[in-house]
Amino acid sequence: MPTILLYAYMALFLVFIVAPIAAVVAVSFSSSSYIVFPIPGFSWRWYWRIVEYRPFISSLIVSIELALGSALAGACLGVPAALSLARSRHAAAGLLSNLLLAPISVPAIVLGFALLYYLSALSFGITFLSLFIAHTVAAIPYIVRTVLATYRALSPNLEESAAILGATRWQTLRHVTLPLVRPGVFAGALFAVLTSLDNLPLSFFFGSANTNTLPVVMLSYMENQFDPSIAAISTVQMLIAIAALFILDRLYGIERLTAV
Amino acid sequence: MPPPVPRRGLRPYRLAGPSWCLPVVFFLAVFFVVPLAANLLRSAPAGEAGGVLFYYEKLLTDGYYVGILLETLKVALVATLASLVVGYPVAYFMVRHAGRWNGVIVFFVVVPLLTSIIMRTFGWRVLLSRRGLLNAGLLDWGLITRPTDIAETSIAVYIGLVHVLVPFMVLSISSVLQGVDVRLEETARVLGAGRLRTFLHVTLPLSVDGIVTGCILVFVVTNGSFLTMLLLGGGKINTLALLIYQQFVTTQDVGFAAAMGNVLMLVAALCFGMQYWLLRRTGIRR
Numbered sequence: 001m002p003t004i005l006l007y008a009y010m011a012l013f014l015v016f017i018v019a020p021i022a023a024v025v026a027v028s029f030s031s032s033s034y035i036v037f038p039i040p041g042f043s044w045r046w047y048w049r050i051v052e053y054r055p056f057i058s059s060l061i062v063s064i065e066l067a068l069g070s071a072l073a074g075a076c077l078g079v080p081a082a083l084s085l086a087r088s089r090h091a092a093a094g095l096l097s098n099l100l101l102a103p104i105s106v107p108a109i110v111l112g113f114a115l116l117y118y119l120s121a122l123s124f125g126i127t128f129l130s131l132f133i134a135h136t137v138a139a140i141p142y143i144v145r146t147v148l149a150t151y152r153a154l155s156p157n158l159e160e161s162a163a164i165l166g167a168t169r170w171q172t173l174r175h176v177t178l179p180l181v182r183p184g185v186f187a188g189a190l191f192a193v194l195t196s197l198d199n200l201p202l203s204f205f206f207g208s209a210n211t212n213t214l215p216v217v218m219l220s221y222m223e224n225q226f227d228p229s230i231a232a233i234s235t236v237q238m239l240i241a242i243a244a245l246f247i248l249d250r251l252y253g254i255e256r257l258t259a260v
Numbered sequence: 001m002p003p004p005v006p007r008r009g010l011r012p013y014r015l016a017g018p019s020w021c022l023p024v025v026f027f028l029a030v031f032f033v034v035p036l037a038a039n040l041l042r043s044a045p046a047g048e049a050g051g052v053l054f055y056y057e058k059l060l061t062d063g064y065y066v067g068i069l070l071e072t073l074k075v076a077l078v079a080t081l082a083s084l085v086v087g088y089p090v091a092y093f094m095v096r097h098a099g100r101w102n103g104v105i106v107f108f109v110v111v112p113l114l115t116s117i118i119m120r121t122f123g124w125r126v127l128l129s130r131r132g133l134l135n136a137g138l139l140d141w142g143l144i145t146r147p148t149d150i151a152e153t154s155i156a157v158y159i160g161l162v163h164v165l166v167p168f169m170v171l172s173i174s175s176v177l178q179g180v181d182v183r184l185e186e187t188a189r190v191l192g193a194g195r196l197r198t199f200l201h202v203t204l205p206l207s208v209d210g211i212v213t214g215c216i217l218v219f220v221v222t223n224g225s226f227l228t229m230l231l232l233g234g235g236k237i238n239t240l241a242l243l244i245y246q247q248f249v250t251t252q253d254v255g256f257a258a259a260m261g262n263v264l265m266l267v268a269a270l271c272f273g274m275q276y277w278l279l280r281r282t283g284i285r286r
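Residue numbers (the working numbering), protein chains in the order written: chain E, 1 to 260; chain X, 1 to 286.
Just so you know, the hints here were simulated from the structure itself, not pulled from any lab data.
A couple of the hints might just be wrong.
Covered by chain E, per the in silico footprint, the following chain X stretches (three or more residues, Cβ under 8 Å) [stated by the list, open to error]: (1) 31-42; (2) 86-95; (3) 127-135; (4) 182-194; (5) 223-234; (6) 247-261.
Over 12 Å on every C-beta distance to chain E, these chain X residues come out as not near it, computed from the model [what the hints assert, rightly or not]: (7) 68; (8) 202; (9) 278.
Ideal Cβ positions, reconstructed from N, Cα and C, are used throughout, including at glycine.
Can you build the whole structure from these sequences, using the hints too?
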């Protein structure tokens, strides 16, 4: 493909990527109560609507608590295992890494379905705890994957030096290892949070008034009415995700996040 | 003279022992392995009329369900090929042409991942519906005389799927292309090969690992997704994942839904097995 055609193609591609997102942001400011594009006039009314419509706000809070909580739990479970597996030469290490990465490969709708009936049988029922367990299972592979990659790239000499200089195992972990693998932990946690926020196939099985996540509420809202408030809440959710990415970029640098 | 202290060989210092794996292995055994195994039992009704494989028989012999199974695979295949065709030039551009714009391109490839799938699907409905932008444009240019509803067709589903999946394809391919030495392509050009020939005989074969990884990832993700079909398909496209969703919402036929889920899992497992086999083979060939 001649270079000029390639540039033209790239321009088209960027339009393709941005178009539906821009359309939603535009519609969220529509003054009309049904969806037309281009919009007839500007108004904030749909943003007021999402403040008034309780389920949007309460499910957004559930979604954020769930995303942060499951990423944290996933990190507590996944990071020690990744540190151990990265340096292991045992034959079982490869097998175990595959187990820890496996939840990514199982379709979320199947995992959600299986967990719902299993946890109900264990009388966990449809509670926040069930939802939290399901999302933690899904978070583990993202964190293990990035921490494995980060830690494998580090030389064991750094930790060995600390140990030779008299640091205990705990001190080495706290002052040498964890600071070095932190970009990997944060990159994995970021993927886990973003996936959790949008994980409708896993969440909708555990839907109840207290455990509905934002995508579940949005889907059921869309089945009954089709107005621009969906566009407004989508835009808010996107802004939250962008803000999270921005903060992480300020703290740790985006290059180091995508490099893994 | 004391004997020399035996060195531990070249074994590197290890901070974390094997026991550090125990909590996560326990957690995943209880909340991942056992539930999926229980799902297998759930799909096999022992002692009922029709036998243990009742649901699987229904799924693989009833014409309606066979049709859905085939449609699931067809939709995933078409979406995968479309994402490959759309995504490959983007990955190539990112690695070979973007230069200092690389960061900007990466941003635009990653930005959809910051929005919910519901948002993106909703956006396509806005653009493609009867009162949407596309119809307005086509009417203005006189290409059509009456607005048509493109949302609620299978084309809308494919557009929506490619939009969701193409970032995965681009990132899979670009990470492999980055490792391809640009001098190999330059050598081919110097030796007289045209652009197309260089691409077909040098660049494309060297990036095949990225293509395999990207295609299998996209294929498996499509098999498990139902939201795009639900919101953009208008009932025109029925897939296995969509059927599981509908079974759960309406009929609550647990055993049958479990059986369909296991078939989806089997397809995913076969795909990843194939990926492992393909990548290992290319690895040996080199």
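Verification of the hints:
For the stretch 31-42 of chain X, the stated coverage by chain E holds: 9 residues have a C-beta nearer than 8 Å to a C-beta of that chain, and at least 3 were required. Restraint check on the stretch 86-95 of chain X versus chain E: 5 residues with Cβ-Cβ distances below 8 Å, three needed, restraint holds. Check on the stretch 127-135 of chain X: 5 of its residues sit with their Cβ under 8 Å from a Cβ of chain E, so the three-residue criterion for coverage holds. Counting residues of the stretch 182-194 of chain X whose beta carbon lies closer than 8 Å to any beta carbon of chain E gives 0, which falls short of the minimum of three for the stated coverage.
Residues of the stretch 223-234 of chain X with a Cβ under 8 Å from some Cβ of chain E number 6, which satisfies the need for three, so the listed coverage holds. Evaluation of the coverage hint for the stretch 247-261 of chain X: fulfilled, as 5 residues show C-beta separations to chain E shorter than 8 Å, against a requirement of three. In this structure residue 68(X) is separated from chain E by more than 12 Å, as the shortest Cβ-Cβ distance comes to about 15 Å. The non-interface label for residue 202(X) is consistent with chain E: the shortest C-beta to C-beta separation is roughly 15 Å, beyond 12 Å.
No Cβ of chain E approaches the Cβ of residue 278(X) within 12 Å, the least distance being about 16 Å, so the stated non-interface status holds.
Hint check: a violation occurs at hint 4 only; the rest are consistent with the structure.
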